[in-house]
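Undergrad: Residue numbers (this note's numbering), protein chains in the order written: chain A, 3 to 419; chain B, 556 to 887; chain C, 5 to 305.
You may find that some hints are simply not true.
[Unchecked claim] Keeping only pairs whose Cα atoms sit at most 27 angstroms apart, straight-line, the calculated DSSO-like set for lysine-lysine is:
id: 1; chain 1: A; residue 1: Lys314; chain 2: A; residue 2: Lys348
id: 2; chain 1: C; residue 1: Lys147; chain 2: A; residue 2: Lys288
id: 3; chain 1: C; residue 1: Lys147; chain 2: A; residue 2: Lys416
id: 4; chain 1: A; residue 1: Lys314; chain 2: A; residue 2: Lys377
id: 5; chain 1: A; residue 1: Lys377; chain 2: A; residue 2: Lys398
id: 6; chain 1: C; residue 1: Lys169; chain 2: A; residue 2: Lys240
id: 7; chain 1: A; residue 1: Lys68; chain 2: A; residue 2: Lys314
id: 8; chain 1: A; residue 1: Lys137; chain 2: A; residue 2: Lys348
id: 9; chain 1: A; residue 1: Lys137; chain 2: A; residue 2: Lys86
[As the list claims (entries may be wrong)] If you want a taste of the chain B side facing chain A, the calculated C-beta under 8 angstroms gives, among others:
id: 10; residue: Asn647
id: 11; residue: Gly648
id: 12; residue: Gly649
id: 13; residue: Ser651
id: 14; residue: Pro652
id: 15; residue: Thr698
id: 16; residue: Thr703
id: 17; residue: Gly705
id: 18; residue: Ser714
id: 19; residue: Phe717
id: 20; residue: Arg718
id: 21; residue: Ala720
id: 22; residue: Gly799
id: 23; residue: Ala840
id: 24; residue: Pro862
Bear in mind the hints are in silico, worked out from the structure with no lab data behind them.
Here the structure is a predicted model, which means the values were calculated and not measured.
Idealized CB from N, CA, C, for every residue including glycine.
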Amino acid sequence: MISFRPKFLRGFTRVSVLAAFAALPFLFPPVAPAQSDIPIGVVMPITGREARPGQYQREGIALAMKEINDGGGIYIKSLKKKLKVREVFYDDGSDQARSSSLAERAMTSDNVIAMIGGYSTALGEAESVMPDRYKTPWITPGAAASSIFSRGYQYAFGTLSTIDSLGYTTGQFLGSLVDQGKLKKGLKIALAVEHTDHGVDYVNGIKRWVGEHSGYFTIVFDEQFDLGGTDFSGILQKVKLSHADIFLSDAHLQDYVKMQGQYLQAGMYHQMISYGARGPEADARKALGPGIDYIFAGIWWSPDLGYAQVKKFDTDYTAATGHAPDSWYAATAYEAMRILAQAIEKAGSLDKTAIRDQLRSGELKHSLLPGQTLKFGANGQAAYPFVIVQNKPDGKVDIVFPADVATGQPVAPKPQS
Amino acid sequence: MNAPARPSGAGETGGTVLRILRVAAPLALIAALAVVPLVDFGANSAKVLFLTFLWTTTGVAWNILGGFTGQPSFGFAVFYGLGAYTTALGINGGLSPYLTFPLAAVVAALASLAIGLPTFRLRGPYFAIATIGVSEAVRVIMTNLQFTGGASGYRIVESIPFRQADHYYSGLALVVVAVAVSMLVRRSRFGLALRAIRDDQEAASDSGVNPFTAKLAAHAVAAALTGAAGGVYARYAAFISPDGVFAFQRSVAILLMPIIGGVGTIWGPVVGGGIYGVVEEELTARFPEFHLLLYGALVILIILFEPGGVMGLLARARRLFSRRKDASWQPS
Amino acid sequence: MTFTDYLNLLISALLLAGTYAAMAVGMTVIYGVMKIVNLAHAGFLMLGAYFVYELHERAGIHPLVGVLLAFPAFYFLGMLVHWVLGRGIPVSDEPTLASLLLMFGLWLVIQNIGYLVWGTSDRSILTPMTFATLRFGEITIPKIGLVVFCGALVSLVVLEFVLHKTWFGRSVRALIQNRYACRIVGVHVEHIARMTFGLGIAFAGAAGGLLALLFPFSPDFGRPFLLRSFVIIVLGGLESFSGVFVGALILALVETFSILVIPSSYQPAVSFSLLVVALIFIPGGVAGLVSRVRMRARRAA
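Please put together the full structure from these sequences, using the hints given.
TA: Have a look at this one:
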């Protein structure tokens, strides 16, 4: 027979007293103020593994917000006045659980009208649960995995084209090099990708192109590695053992830098090297110097695109942040904020579902992005062409594909050092 | 960690009132907590409380093995994660969530047997290190397992719309069960056997306790509760990944709570869980960079100055207070 | 898989073994004498890496000189830490939970200090030789790997010298064997314990500096190496120094050659699994195994 002896509840009384004190703040919930501005949630990693790109994306959003507010804000028809946008920012530290928790917090406690967040597929996938749950529009400028947009979510949008297309475009680019006679036919490809949906999509895109164009390339190695690891010598050894001609990887920025460093230390060589959507980043240049020459990347935007609005963005961004745009990160975030502002204005109110409807049907003209128009597809994901850039010596970067936006000639095969 | 017995003469006049209070107080607290989602305190407050319930459950569970039995595991995340994935697979497979929670507990308990059988031969720090190895190995395996999504994580899709109250009450029920189990274990012969093992395993074995089976049983109970907590979490988050639920940081957090609150006591892990839940939420949002510093410093201070944690501090304060109040009372 | 491929793998494994051995020695020293499982070892590895990095970045000091400087710097740091935390570091013959948790708390604090001072992004130490390779026909040896291996070897030789040829070293070995007997023969246990802790941390710092030459590092740098150090020490035998060499060699060989049979993404699990297997089936490590075999042989004779 077990009875509740008061002795064991002695500690409980102490705990209850503590709990009572701790509960006091909850008894006075914050009073919601009258709508005096438009809170936009921004959850980006500015610490942790994805800190660098997260920082760039935040800068892009901040620049767009500043431009909007300099013009007085967004005109809301239902309130008959212009309201400025206000950033409600949280750093998720590159941690998935935290990212989703902070997104939830922004949508509940902070009552944001919409949210921009989720740099990198992992963080994007975690956050993507929240928009439909709280019926708040959410745009990710940094996550492109198809798994996010194949769930039938109604409030999730993404300004990045699919990774599958990235893989396919990479295949197209390599195929064009064969057609130009720079590469021989029948070369062997080694694929070493991160073991996430991102990597899987990339491989699918490449395999699709290779399958459609037989005789061009054969894939002799196809394996995945652990994201965020320190030591890639294992997979690099295997790539070495496969005796391939072309090395294609898909990795995040830090893994790219580490892996390429170990690649060079192992004295490896391939005719063409790519790390998916990473290549020209300043961090890589700083860490590896000439070690990243001739690496090519398929990216969503380049500062060297010839459009007038791109040149203006380059100037404004450099003035606001003190450094030139580094690869594509800031641009897709900037456009996300701009298309959101456009949708809010078209909706004429701060009703989240109305804004969502406008995002669905709307189109951002004179966009920075390749093709100059940003439009979300039926599943919420944007679709526009990629550009292939290649690192050249002395820190130069050239757009080498497609030909109509190219700023330089591709170099293939990579010169032996 | 019991306060010294007071002579029955002291305070008898208020005794009955006190006794009623002591039974009513826990019920009152539970009632108060149960009312929270109905009053509009804001969805975030309810979420913070909900998460606190879950953390507290894992802390209370860990304490059964680490505190009562003296076998500190540094790898409890493995049960949390297994519970999370069991529930996730179960819900996506069409089971009712309320069925998947006990299922998660069972899976975790079975895993604890598989882990405990080889590792309980080891003592003290060796056991702790082995548990890290096991947890990390499982994490890497889950990261590679394609049918649970691998490193990309696994998404739970529920056909019913999201109602925060459902999750909240699951969490509340779970933590009440956990504390009740903890009290039951402590109060029973089984709890006595565990304490004996903690104090001196050889002597306990000489006194007729089978340390091996006792440890396995404690491990199973602790794992079951932790697995259930993982399951309840998974249903709420709707998206889990190996690097989230099997993370070493998760194992660390689970053991930090009882240590901060008072390892080996019943209410210590509850206090620790409460502190952790609230601090974690605010810290994550406002000062994420001081996380580890705070907990690390707390652990160091606790080990150096008050190994009994917060409960130890309270006991000390109470002794100080009662010594002043009742001059005739002599320490036994 | 040609013969040269195998040879390349073997060379990689050997170079790795040297580094691993240096990394694990610091932990063995502290465990052997004080029976403390130093979880903060990871933190000191990280600090060692940043120490060498900062000297290189700000004062232009060559990383190898930096590693040399790390020895005395971390020796004193170790002694300081031991003095401050002395209360909680019990001097006993059995490892205790309290010391385990204390070191763990220390690790968390060190890690956070690292984040506050240096942020979260990766740093690397780049020198002209970082990407240079030596080629002998089809065999490639990264120069930096060779340098680190030699550095590790030298430090281990120095340790052996200290342990066997100095009075301090003899005291340490005596302390490992029997604490009470030490007092009887006049060894000042507390002082030797403090100096030993300092020595262990010195090796941790220097090893961190060496590892920083091979891998990029961030404040979380120590963790994978911490677990590997456990594996090595357990494999080799928690109280034996020669065991550390053997443990490092076994781990390096298994890790390197395992890629031939398992997919690369499972590689991290190799060290963890080895740890669990070693703890359960070979509790005394290889050194224990060897001594058991020797005893059996002696009995049979």
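Undergrad: Holds or violated: Asn647/B as interface residue toward chain A, Cβ cutoff 8 angstroms?
TA: Result: violated, 12 angstroms to nearest chain A Cβ.
Undergrad: Against chain A, is Gly799/B within 8 angstroms by beta-carbon distance?
TA: This hint holds: Gly799/B lies near chain A, its Cβ roughly 5 angstroms from the closest one there, short of 8 angstroms.
Undergrad: Quick check on the hint: Phe717/B CB to chain A CB, less than 8 angstroms?
TA: holds, 5 angstroms
Undergrad: Does the closest beta carbon of chain A sit nearer than 8 angstroms to the beta carbon of Ala840/B?
TA: holds, 6 angstroms
Undergrad: Just to be careful, I want the Cα atoms of Lys147/C and Lys288/A compared with a cutoff of 27 angstroms; is the pair within it?
TA: Between Lys147/C and Lys288/A the Cα gap is close to 21 angstroms, so the pair holds against 27 angstroms.
Undergrad: Straight-line Cα separation of Lys137/A and Lys348/A no greater than 27 angstroms?
TA: Status holds; Cα separation ~19 angstroms.
Undergrad: If you take the shortest Cβ to Cβ gap from Thr703/B to chain A, is it below 8 angstroms?
TA: Cβ of Thr703/B sits 13 angstroms from chain A, so the hint is violated.
Undergrad: Next pair to validate is Lys314/A with Lys348/A; report whether the Cα-Cα distance is within 27 angstroms.
TA: At roughly 25 angstroms apart (the allowed maximum being 27 angstroms), Lys348/A and Lys314/A satisfy the hint.
Undergrad: Mind checking the CB of Ser714/B against every CB in chain A and telling me if the closest is under 8 angstroms?
TA: Nearest chain A Cβ about 12 angstroms off; hint violated.
Undergrad: Does Pro862/B hold up as a contact with chain A if the rule is Cβ-Cβ below 8 angstroms?
TA: violated, 16 angstroms
Undergrad: Grab the minimum C-beta distance from Arg718/B to chain A and call the hint holds if it beats 8 angstroms, violated otherwise.
TA: violated, 10 angstroms
Undergrad: Between the alpha carbons of Lys147/C and Lys416/A, is the straight-line distance 27 angstroms or under?
TA: Holds: Lys147/C and Lys416/A sit about 23 angstroms apart, inside 27 angstroms.
Against the hints set out earlier in the document, violations occur for numbers 5, 6, 10, 11, 12, 13, 14, 16, 18, 20, 21 and 24.
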